[in-house]
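Novice: Just so you know, we're using our numbering here: the sequence shown kicks off at 1160 and counts up by one.
Hints are computed from structural coordinates only; laboratory data are not their basis. Bear in mind the structure is a predicted one, so any value in this text is a computation, not a measurement. A few of these clues could be false.
Quick list of simulated restraints, FRET-style, between CB atoms [claimed, not checked]:
1. V1656 to N1685: 22 to 28 Å
2. N1539 to N1652: 42 to 48 Å
3. N1652 to A1752: 21 to 27 Å
As a list, the in silico EDC-like pairs of lysine to aspartate or glutamate whose alpha-carbon atoms are at most 20 Å apart [said to hold, decoys possible]:
4. K1690 to D1674
5. K1974 to D1943
6. K1303 to E1346
7. K1974 to E1946
Every residue gets a Cβ at the ideal spot worked out from N, C-alpha and C, and that includes glycine.
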Amino acid sequence: MSNASPVEGSSVWMRCSVENGTEPIQYTWHYENYNGNATTFTLGNSSIINITNVNRNHTGWYRCVASNAVNSEKSDRLWLNTLFGPDIPQIDVTPYSMTRRGYTALETEAVSLLCQAQSNPASQYVWFYNSSQVYTGQKFTITKILRMHTGDYTCLAQNTYLNTSSNNTISLTVYYPPDGSPSCSVEPALNHTSLRLLCSWPGGFPSPSLHWTGDLIQDQSNTAQQTSSASSTTIMLPSGGLTSNNSLFTCLGSHAALKQSTQCSTRTYIPPAEPLCFAYVTNDKQYLTLSCSWEGGAPKALVWWEGPEGQRKGGEETSNNFTLYYSTVHFGRPYTCHARHPLLVQTKICRLTLVPVTKPYVLMSDTSPVEGSSMWMRCNVENGTEPIRYVWQRETSSEDITTFAQGNNSIINVTNVNRNHTGWYRCVASNTINNQTSDRVWLDTIYGPDVPQIDVTPPRTVKQGYTALETEAVSLLCQAQSNPASQYIWFYNNSQVYTGQKFTITKILRVDAGDYTCLAQNTYLNTRTKKTISLTVYYPPDGSPSCSVEPALNHTSLRLLCSWPGGFPSPSLHWTGDLTQDQSNTAQQTSSASSTTIMLPSGGLTSNNSLFTCLGSHAALKQSTQCSTRTYIPPAEPLCFAYVTNDKPYLMLSCSWEGGAPNALVWWEGPEGQSKGGEQTSNILILRYGTARSGKPYTCHAKHPLLVETKTCRLTLEAPVLQTQRRVVSVYEGSDVQLTCNLRANYLPVNEITWFNNQGVGVQDTSKYMLLRTPAWANLTVRDTDETQDSGEYRCSTSNAVGGTEINITLVIKKYPMPPNATLVRVMYTSQQRNQVELEWVVEKEEAGGWTGFFLEHRWMSERPRRKGSGNDSSSERVEEKVWYRNILQDPAVRIYTVGSLTPTVTYQFRVIPVNHRTVGHPSAAKTPVEPRNNLYPAVIGAAIGGMLIAAVLTALLLMFILRNRSTNPRLHDLLFGLQHSQSQETINFPEDEVFGGSSSPGKSSNGFTLRSFIPHLLTHECHPHPATTSQAPSLWRR
């Protein structure tokens, strides 16, 4: 094929290719459509066919058959897929309802719009409502259509492959009915000589259809005139009294949106009675109104008035009332009321002659009657035209005025007076002219007291009476109807407690429960009544419920106990929780006043770890409270062990199975009748010391209600066997080491495991030793181990009722390896003050490591003499004891360090010692610090010597002057030369100082005088003979 997917309207060719075959070859083409129908559409010698105008009907399977004189062969089929569309969409509306303007739908029904447009590939659909997109898809459904959905709906079909589209628009109108139902009425017409029937039903779309039916006789229907509008219709009935009395007319209304028609009816009839006339005057007597009524007809009758001398009113709807100035009324002359109805040809009349009445007054036989007696009241009128009508009115204390009697009789009798008759009474006398009201008279009925009504606040009632919650405030209000008002007295259990209407107990207690009586008294009638109520005080139990679970039936079942004692009434207790269906069917529950018990079934039916909750509620508590208990099997197995009493007369075998709820029942069975069981305290079996059967098992049986089978544990009594983790323990010196010693599992309890040190002495808790003990093991910790003190054999021992044992553990304390040697490479003063020395050293084979720090040590070698006044001049040079002062450096990476706080006049030696933990290495060679390279000290010394020579010359001249004038200054001579044999000497405090004049000893001159004698004020600097502070903390050292 030239194109397997041609567009509709284009051309395509198909060729049937045959590789081999003897000519001539005949070609036959077959076509198979969607339905599987195959047809042959061409036959000939040409292997090519052309389709010049492809359409959608060409879509299908194609194959060719090639045949010659030898044979025929059929090709595989190929699919030709014609692309087309979309066509103009076809829109189907469901439910289907169509008018000339388009489709219609009924409001609130579901409407579906289905769009179909032929297309290949299939169309994509988009829906628009009034040009706004509302939906994408082939079927657009409005589940509940409303009137606002009326409009144009457009379906746009798109072939996205061909990028073509088409659309179709429909108009959808939503029909909705008018609200309610039609409204009917009948009206007079043509001056009340005819009738007009009106029927209206507004709203809805389209307008409803209205039609009158009823008592329209043949003559009426011939002359009836009917007019209609969008939502109403009117019929004019003929005049002349042709319409029958009590005729019924019905208006039928139907609408396209309603399945059934609806209707309304109206009736026309003549008023049943005659016209009624009466007159009344305004309170200020300014106007007189004549009123005429002819009630009860449909439509209403037309009435009007005619009076003497042209006084008239008529021709209007309100003509039934004729108002005149009171001064213009013609008393004694008739006023006539005319009444006309459309169903009658003739009018009716009534006449009224006007004579006013005078003001009445009320007389009573008794103004204060006792309830239950009789009395009468009379309304007296002196003048007035009959008939006179009497109206009796009563005004209560709340100023409500009611009419309780009316008629032509001026007297009313009250045969059984009651309290409701109390009030103000007046009478109103009226005739056709006017009405007059009497003055009011008070009727005071004496009664009571009734049986009191007691209201309790807060209100709580039970069958026995009222209840109150303890500590709350309770008010008792007594009310007894009485005139005059009652006096109240309260009694509690027949004892008077209060006088007054309202008795309040601010904080009621349980002792206040009892009978409360209210006594009401009418002191005027000397009558009394009373009422008694019972008041019960509710108080809750203390705390909350207490829950427990206990074994029952020899530990084969469980009993749940819940108690909450105290309170009134008794609390309500109810068990809930893991009560399975089988359990609840067989559970036996018993209850008492303040507790409840449930017996659960035996046989292991209760699940492990079951939770049971007891819910407790009480009338005096707003919220319920609860307690819970859980039953579960002990998590571990029974545990057996034995121990000996302190004085060793008895051996105690103890068995425990802890952790369960409730506690398990345990008992012992031993050889030769040594048993104990059946009691709660059976977990301990006491044997006399030495009577235990060695090697024979003692069995402890343990039973729990949640298990059907019992559990056991056996104890075979043997001598203790000690064991340790390591028999030889090796550690480095200075660390802590722990030696372990524990008993084998199957042991007879021992008195205590005892440790002995390497000297054979019993060990106790000290700063050197720490003991951790349990019944099954004892661990000894040796602190801060030392090779000499702590190495050796340690021993732990124990014994029991069968025998004793001990075990030896060898402790080997190792020293850390010797650190490598260190060599000082630089020891130099940092300044001329000579109070700081900087040290630098190196370590041999530094890459191998093996040291953790250094000891920096220094010592005094010598000290130069001090200046005069130092206090000790006995020698020229003082040598102290050569003690090494140590500073500790814990940083192994340090190689340079500065030592401070040195004495400038002291000569020091320094050395460095490597340290590996507690192993101290070899000290380096001691070195004395040297001066800094840029030393200006000799120049300073030279200048000092020059100064001293000048001072010596001056001093010699002074001495010569004194010798020559000895006689003149003998005291000065003796003072100076008397000291020549003194031993006082002073050295210069610097190592570089020299001696003058070749003296035989430092500090002496050739003439025997000390240098101090010549230069007493030469030196001003004092040097302290104390060594540098090296024994203090390393903080005195500076880097």
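Novice: Indicate, hint by hint, whether the structure satisfies it.
Specialist: Consistency of the hints with the structure:
1. V1656 to N1685: 22 to 28 Å: Once the Cβ atoms are compared, 24 Å apart, the range 22 to 28 Å for N1685 and V1656 holds.
2. N1539 to N1652: 42 to 48 Å: violated, 60 Å
3. N1652 to A1752: 21 to 27 Å: holds, 25 Å
4. K1690 to D1674: holds, 10 Å
5. K1974 to D1943: holds, 13 Å
6. K1303 to E1346: violated, 42 Å
7. K1974 to E1946: holds, 7 Å
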